[in-house]
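Using the sequences and the hints, build the whole thing.
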Amino acid sequence: MITKEINSKSIDSKIITIQHVGLISRWIDKLEITDNIKNLYEFELILRGSRDGFSPKKFHEICNNKSDTITIIKVRDSNEILGGYNPIIWNPTSGHSNTINSFIFSFKNKDNIENFILSRVEDDKNAIYNNPNYGPSFGNCDLVLYGNNSYDQSYCKKPSCYEKLIRETEYFSVEEYEMFQIVKGRSKKDNSDANEVTSHDNNEEQNIKRILKKIVFSREAGIQKELKVREEMKRQKVLRREELERQEQSKRQEELKRQEELKKQEQLKLQKELKMREELERQERERLEELARREELERQELFKERLKLQKELKMREELERQEQLRLQLELQKELERREELERQEQLKWQEELKRQQ
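Just so you know, we're using the numbering used here here: the sequence shown kicks off at 8 and counts up by one.
None of these hints come from the bench; they were simulated from the model. Just so it is clear, CB atoms sit at the ideal spot from N, CA and C, and this is done for glycine as well. One should not assume that every hint holds.
Only pairs whose alpha carbons sit at most 30 Å apart, straight line, appear in this in silico DSS-like list of lysine-lysine [stated by the list, open to error]: (1) K37 - K340; (2) K279 - K264; (3) K244 - K164; (4) K244 - K37; (5) K115 - K315; (6) K115 - K235; (7) K191 - K132; (8) K115 - K232; (9) K165 - K241; (10) K21 - K165; (11) K73 - K191.
Across the chosen pairs, the derived CB separations fall in these ranges [to be verified]: (12) Q256 - K232: 33 to 43 Å; (13) R253 - R289: 47 to 57 Å; (14) E261 - E302: 35 to 45 Å; (15) E252 - K191: 28 to 38 Å.
This is how it looks when you write it as structure tokens:
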């Protein structure tokens, strides 16, 4: 039978109920939710935002040097509850504090305690963050109350010191928050009073037991479902990996074929280019040979023409020489004839003179 840890009349909270207290108490002692609690707890309210204020200054005035505190936060414009447990004192000086027993948590809906996230500390050296300008803060950025106006710049970022993220959205504003100091153990009188269970208390105890069993069943079912989901995800992942590998193999084969086809086309192109180059070179050789042949023919023709011209020049020179000789001979003959005529004329004159004498 579950031991009833606290009378519902002693819970002074605007945010949580005895069901939340029972669950949080088991988290503190690291018990399963169906285990009996050996040490009884009292949740003593020491600060409420709507009563005492939301400033970091007021938080440190009230909570500094107090240990075993539970922070309960009601997120503005939602039914979400956030919180954290600090077993050591809140320090007035800035810096991190070391503990292995702190944790943070969230309830998606304050009316449904079955839907919760519990995140225990992993980096114990940075478990608690103290800063005069901040409200209660856990880890580096795991759960931080910040802002002078209702802690309207508070946040839960990617976990760095605790196991997991306790909410999906990083930033939030605080509608209400409460600080409880946990009192461990009771006097014998308190224990005897607590054991005087009324019918209402019995009903409340049975209700707690039913809820906790429901949570266990829900958790086990959730675990089984999660295992099945994980197995299915793993199977799907394997199938996806195989499909991706098949696609990749197909892509590689297609790429190889494409590369081979490109290589073949490139080789054909190169062969065609080589043939074209060879043909062009052959044509160029033939053209050059034709040019050389024509040049040779022209050279020979020019040589023949030159020989012909030289021959004609020689012939002309010879003809001119012969003509000059002929003219000279004719001239000489003409001179000789004239001389002969003159001589004869002279003789004739001489004879004429002689006769006249």
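Hint numbers contradicted by this structure:
Numbers 1, 4, 5, 14 and 15 - these are the hints that the structure violates, sorted from lowest upward.
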